[in-house]
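*Asks:* Using the sequences plus the hints, can you model the full thing?
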Amino acid sequence: MIRLAIALAALAALAVVPMFVSEYELGLMIGMATYVALASAWALFSGHTRYISLATVAFYGTGAYTVAVLNETLPYPVVILCAGLIGAAMALLVGLSTLRLSGIYFVIFTFGLAELVRQLITWYEVTITGTLGRYIFLDLSARDIYWQMLALVAIAIGLTAWINRSRLGLALRAIGDDEVVAAHSGIHLARTKLFAFTISATLITLVGAVASPRWVYVEPLIVFNPTVSFLTVIMALLGGANRLWGPLVGAIPLFLLFEWLSVNFPDTYPIFLGLMFIAVVFVLPNGLLAGFDDLRARFGRTKP
Amino acid sequence: MTLLKVDKAARNFGGLKAVDQVSFEMESGTIMGLLGPNGSGKTTLLNLISGFLAPSSGKIIFNGQNLAGARVDKIARAGIARTFQLVRILPSLTLLENVMLPAVFGHQAHWGKEADRVAREALEKTGLGDRAGAHAGDLNYIDQKRLELARALAAEPELLLLDEWLAGLNPTELQEGIRLISSLSGSGITIIMVEHIMEAVRALCPRCAVMNAGKLIADGETSQVLSDKSVIAAYLGDAEDA
Numbered sequence: 074m075i076r077l078a079i080a081l082a083a084l085a086a087l088a089v090v091p092m093f094v095s096e097y098e099l100g101l102m103i104g105m106a107t108y109v110a111l112a113s114a115w116a117l118f119s120g121h122t123r124y125i126s127l128a129t130v131a132f133y134g135t136g137a138y139t140v141a142v143l144n145e146t147l148p149y150p151v152v153i154l155c156a157g158l159i160g161a162a163m164a165l166l167v168g169l170s171t172l173r174l175s176g177i178y179f180v181i182f183t184f185g186l187a188e189l190v191r192q193l194i195t196w197y198e199v200t201i202t203g204t205l206g207r208y209i210f211l212d213l214s215a216r217d218i219y220w221q222m223l224a225l226v227a228i229a230i231g232l233t234a235w236i237n238r239s240r241l242g243l244a245l246r247a248i249g250d251d252e253v254v255a256a257h258s259g260i261h262l263a264r265t266k267l268f269a270f271t272i273s274a275t276l277i278t279l280v281g282a283v284a285s286p287r288w289v290y291v292e293p294l295i296v297f298n299p300t301v302s303f304l305t306v307i308m309a310l311l312g313g314a315n316r317l318w319g320p321l322v323g324a325i326p327l328f329l330l331f332e333w334l335s336v337n338f339p340d341t342y343p344i345f346l347g348l349m350f351i352a353v354v355f356v357l358p359n360g361l362l363a364g365f366d367d368l369r370a371r372f373g374r375t376k377p
Numbered sequence: 695m696t697l698l699k700v701d702k703a704a705r706n707f708g709g710l711k712a713v714d715q716v717s718f719e720m721e722s723g724t725i726m727g728l729l730g731p732n733g734s735g736k737t738t739l740l741n742l743i744s745g746f747l748a749p750s751s752g753k754i755i756f757n758g759q760n761l762a763g764a765r766v767d768k769i770a771r772a773g774i775a776r777t778f779q780l781v782r783i784l785p786s787l788t789l790l791e792n793v794m795l796p797a798v799f800g801h802q803a804h805w806g807k808e809a810d811r812v813a814r815e816a817l818e819k820t821g822l823g824d825r826a827g828a829h830a831g832d833l834n835y836i837d838q839k840r841l842e843l844a845r846a847l848a849a850e851p852e853l854l855l856l857d858e859w860l861a862g863l864n865p866t867e868l869q870e871g872i873r874l875i876s877s878l879s880g881s882g883i884t885i886i887m888v889e890h891i892m893e894a895v896r897a898l899c900p901r902c903a904v905m906n907a908g909k910l911i912a913d914g915e916t917s918q919v920l921s922d923k924s925v926i927a928a929y930l931g932d933a934e935d936a
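These protein sequence lines map, in sequence, to chains A and B. Heads up: the first sequence begins at 74 in my numbering, then just goes up one per residue. Heads up: the second sequence begins at 695 in my numbering, then just goes up one per residue.
Source of the hints: derived by calculation from the structure; they are not laboratory data.
Simulated pairs of lysine to aspartate or glutamate, EDC-like, Cα-Cα distance not exceeding 20 Å: (1) Lys923(B) <-> Asp913(B); (2) Lys819(B) <-> Glu850(B); (3) Lys702(B) <-> Asp913(B); (4) Lys768(B) <-> Glu252(A); (5) Lys768(B) <-> Asp251(A); (6) Lys909(B) <-> Asp701(B).
*Replies:* Structure representation (structure tokens):
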């Protein structure tokens, strides 16, 4: 209860922040909220099951592209609804065909999926509609986008908290440890994984849809940038993907770090991305929060 | 009442007949030892019953329902639980969570306080009651075996498949294990136990079935089965070979 109160108070405080910051700072806040939402939504499925998905940008880009295609013909709330439905349908389709794969095969498939979606859209735009880029003209201020993104952050973390306490959470953790034991305990593997994957992917699609008006001009190469998938994974892993607040703890410092790097070292910053990836996996395989717990346990023991 | 009827069950791996036209029946509440030399198909037979492998042909009728080839989780929910020859626990979960799993998703599908009660009872029965909050990954081998049994019990199964659950125990633990299984068997659970420890088989199983090269070569009262010529030949080789 106290935790819930603190979380709600923090959310309220974050909601009034736009009144006090500059346009540039608000942009930073939006970027940060975007990655917190992405990492939290990603961890909702991958955190407990340990299925490392690199399909983040496939859904994120699909959300953005849905807005780009529909923004002139439908009212904004309907566009967002469509993006969510398209994301859910795509997740069901992808889930049904991939969740039988395990380990590295799943990773490779999801990475390939992002490329496939990008190529399909490029082909469609070039050969059918004859245009490659699209414009998004929506009457939304940066504040509107920030509030919508904040709502997505709240939904992603709230849903994760709810799942962690539910039967679904227990099932996902069991699947992450040993699928054979999970099945022998009576867990319907395919249905459980598909359900969680679809929730996660739908949220990611919505994040892409909400973020898209910031670009104004959209084309496949921009919205299906694989860096988004990698960043999401390393942010969630840095904080601790199986912790409720892990993705948030990982996303904020990494987002700021990469923002700074991309401004100061625009040409070499992908190198830092790679180095960070390696460092996270080697130094903090269970994430920062687990690292803190270990430290606390160690100091607790040495105290007289 | 017949709980389990295995009817001409077979499983081939390429040209190898791992389980070859095996048929037997079990009454509810009975316990049977499943014996046989290494590689004779005992574990494969258990895998067919628990659904880990689908039979190539034949029927496995449980409570009047043919479960041959059904999904593992469906078979688990129907009331069949098992332990594994090589212990399989969920290391990042606590003992209580490990055991809660089949209580929640298994035969009876409990949730909340009821699931907690069933899980704690199963831990108590196997002597792990005071360590419910520990992580399963921190247990030693014997306690992992206990945890596996506790997990199978928390499913509240009608049929329990034990795959060499007593193997690797020291003499004191073995006596304890035998007492535990005998108390389970007295509580009405039907048990099939694959076992190499003859002392345990004689103490626990009034009935034994013996497999060799995928075939069921003997099935009956334990002392008779153990003195059967074909059984002795399967273990020690034919007299002509000697």
